[in-house]
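Undergrad: Listed here are the chains, written in short residue letters.
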Amino acid sequence: MWWRSPSFILDKQQSDTVPHQRNPPDTLPLPLPSQPPFSMADTLQNPSPENNISAYYQTRAAHHAVVTGDWLAQAQAAIGRDPDDSTDTTVATVAGKPFSVIDEFNSWRKQPELAEAVAAIRALAAVIRNCQATTMMELEIELKKASDSLKSGDTTSISLTAGCDLFMRYVTRTSALEYEDFDSAKSRLIERAEKFGEISCKARRIIAMLSQDFIFDGCTILVHGFSRVVFEVLKTAAQSKKLFRVFCTEGRPDRSGLRLSNELAKLDVPVKLLIDSAVAYTMDEVDMVFVGADGVVESGGIINMMGTFQIALVAHSMNKPVYVAAESYKFARLYPLDQKDMVPALCPIDFGVPIPSKVEVETSARDYTPPQYLTLLFTDLGVLTPSVVSDELIQLYL
Amino acid sequence: MMELEIELKKASDSLKLWDATSISLTAGCDLFMRYVTRTSALEYEDFNSAKSRLIERAEKFGEISCKARRIIAMLSQDFIFDGCTIMVHGFSRVVLEVLKTAAQSKKLFRVFCTEGRPDRTGLRLSNELAKLDVPVKLLIDSAVAYTMDDVDMVFVGADGVVESGGIINMMGTYQMALVAHSMNKPVYVAAESYKFARLYPLDQKDMAPALRPIDFGVPIPSKVEVETSARDYTPPQYLTLLFTDLGVLTPSVVSDELIQLYL
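Chains as they are written, first to last, in the UniProt record's numbering: chain A, 1 to 398; chain B, 1 to 263.
In isolation and in its complexed conformation, chain A is listed as follows (with noise of 0.2 Å):
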């Protein structure tokens, strides 16, 4: 089988410091749903960047590994919480121990369809929900505490810094704030966030639907690793009954694009998968690129997966166009300089053979993409050029 339980990889992270020798996935055929939530928990809430290991990789790398519908019905079942109901998920947490925003986290985060930044809004509504605060600011501090707690746990995630940050200001807005009654006000404020929740879950709809102009009949397009929501694009084209194929890399070194191409080989899209050296060799034949993106950065530039920035130099100097597809809430205050000027997020890579110890590795799991590559960015706030990205930042975060 081709699937890699997470609680082994994230076990391997915990156990070994060698990070190259690692044993074949087919020894562990069937993933044990029971531990994930803890050995997650463990490595969201004690990681250390300067460790080297991004949380935040790791997980994704676990969600991408294990997406079937039986894996999600055994973990479901095996935990005994449907995740659909949020009332009862609450409630039950209150009941049974006090109230942890990262177990909330982590309780949203086993869904490998929703985006981390989203199930921290989650996660930070519910906190709002049950908090016991009885004054406006007793609250916001909590709101604060626990933003920072989701932050802590994975530094190097900037989608969740960025949707905790919107978060924050979307709802402390001052508005909210102005009634007398702290009752209404706190019903106000959970209003707003579930609002907030809400528009984030329903990104990917939008982007995708804002999307559609732009795949044409017989189009080639490119796609580097897995974004779900560029999948989510692609599925609705594919669903309105549109003629294109897609070009997928490989995705080194977690094998993303073999997994997105297994997706859409099950929609029935002609598929073609490229080693990452190929992308300049098959760059004739495609007539667009389109990527996701870990985060937006104030240029109007993208933070994704290694490899982006170099698809994106070869479509440039070949005048395809390059669409990037990425929701609201990763629209992050940064600005990175050159390559190495972010929080360092590494993956640790296998090779497959023993790597001598002299032989140093380029371990980085993502690159930045300066915005002059890129041709526009489909959001749920509309279709941008990479030079409004800022005005949009000020707005949102004003």
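It should be emphasised that the hints constitute simulated quantities derived from the structure, not laboratory data.
Do not take every clue at face value.
As the list claims (entries may be wrong) - From the derived model, a few chain B residues whose C-beta atoms are all more than 12 Å from chain A:
(1) G62
(2) C66
(3) Q77
(4) L108
(5) A143
(6) Y174
(7) S229
(8) R231
Stated by the list, open to error - Computed cross-link-like contacts, DSS-like style, restricted to lysine-lysine with a CA-CA straight-line distance of at most 27 Å:
(9) B/K67 x A/K358
(10) B/K60 x A/K241
(11) A/K340 x B/K223
(12) B/K185 x A/K272
(13) B/K106 x A/K358
(14) B/K67 x B/K9
(15) A/K340 x B/K137
(16) A/K235 x B/K9
(17) A/K235 x A/K202
The beta-carbon is built from N, C-alpha and C at its ideal position, and this holds for glycine as well.
Start from chain A and add chain B according to the hints.
TA: Relative to chain A, chain B alone:
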């Protein structure tokens, strides 16, 4: 003499058939045929002395080809300076010779090695370089643009050098040359002269296909195609210099050299 030439031609053809996709094999055979059967050798009346003259020329050609790598390594030493960072792609014995000579003359430099999917040749090169105590850093193929800022020059080998001055090499070379060119980094090619071929590809697909199966590590659904070509064509505008045993050439000079070789 006619019989000898016919026999030689038959042998050359059977060698070329053994691997229809290898450009250097074809080019090497053709150049050998031309070199050996050039007119002056055939003016002898006595067949035996003509034959011994042919054998002499053949041995000389073989020697030149053997020494080619050392000549190229010597020529390229001036371009490697102390403290430079060199990016290489895959495993080329010529490039390894170049780097080995530089390391042995106590130059201080470091090497960025791409992984070289799908045959992991880059890993092998990094192994060899680590033995020579050269600081090596391994990259996945996607990380070339990410690290290109720190790089001073790109060094690649070639499967074949074509008439336009471009090269045919392992898949990924074109991408690396494109990225290097956009960031104004020089791309140096180390190729022996017997790799000069009479080809002129007009685009990436205009060559004899050389396919190789790729092992992704997981089973691929049958509906999914895979791009299995093992090599690509790098047009001459992305190359800076070619180091050959005929000297250090610019891409535009290659066609002149080819004419001289093949005449």
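Undergrad: Give a verdict on every hint.
TA: So, going through the hints one by one against the coordinates:
1. The beta carbon of B/G62 sits about 34 Å from the closest Cβ of chain A, which is more than 12 Å, so the claim that it is off the interface holds.
2. Against the 12 Å criterion, B/C66 stays outside the reach of chain A, whose nearest CB is about 30 Å from its own CB.
3. The Cβ of B/Q77 lies farther than 12 Å from every Cβ of chain A, with a closest approach of about 24 Å, so its non-interface assignment holds.
4. Chain A leaves B/L108 outside its interface by the beta-carbon criterion, the shortest separation being 15 Å against a cut-off of 12 Å.
5. With a minimum CB-CB distance of about 5 Å to chain A, B/A143 fails to clear the 12 Å threshold, and the non-interface call is violated.
6. Against chain A, the non-interface label of B/Y174 is violated: not every CB pair exceeds 12 Å, the least being about 5 Å.
7. Its closest Cβ contact with chain A, about 7 Å, brings B/S229 to no more than 12 Å, contrary to its assignment away from the interface.
8. With 12 Å as the threshold on Cβ separation, the claim that B/R231 sits away from chain A is violated: the shortest Cβ distance comes to roughly 9 Å.
9. Distance restraint check for B/K67 and A/K358: the Cα-Cα separation of roughly 31 Å exceeds the 27 Å cut-off, and the hinted pair is therefore not satisfied.
10. For the suggested pair B/K60 and A/K241, the alpha carbons sit about 66 Å apart, so the restraint of at most 27 Å is broken.
11. A hinted pair counts as satisfied when its Cα atoms are at most 27 Å apart, and A/K340 with B/K223 does not qualify at roughly 39 Å.
12. About 32 Å separates the Cα atoms of B/K185 and A/K272, which puts this hinted pair outside 27 Å; it is violated.
13. Proximity of B/K106 to A/K358 is assessed by CA-CA distance (about 18 Å); at most 27 Å being required, the pair is judged to hold.
14. This hinted pair checks out: B/K67 and B/K9 have alpha carbons roughly 25 Å apart, not beyond 27 Å.
15. A distance of roughly 16 Å separates the Cα atoms of A/K340 and B/K137; the hinted pair therefore holds under the 27 Å criterion.
16. Annotation: proposed proximity of A/K235 to B/K9 is violated, straight-line Cα distance about 58 Å (limit 27 Å).
17. With a CA separation close to 15 Å, the supplied pair A/K235 and A/K202 stays within the 27 Å bound.
Taken one by one, the earlier hints fail for this structure at numbers 5, 6, 7, 8, 9, 10, 11, 12, 16, listed in ascending order.
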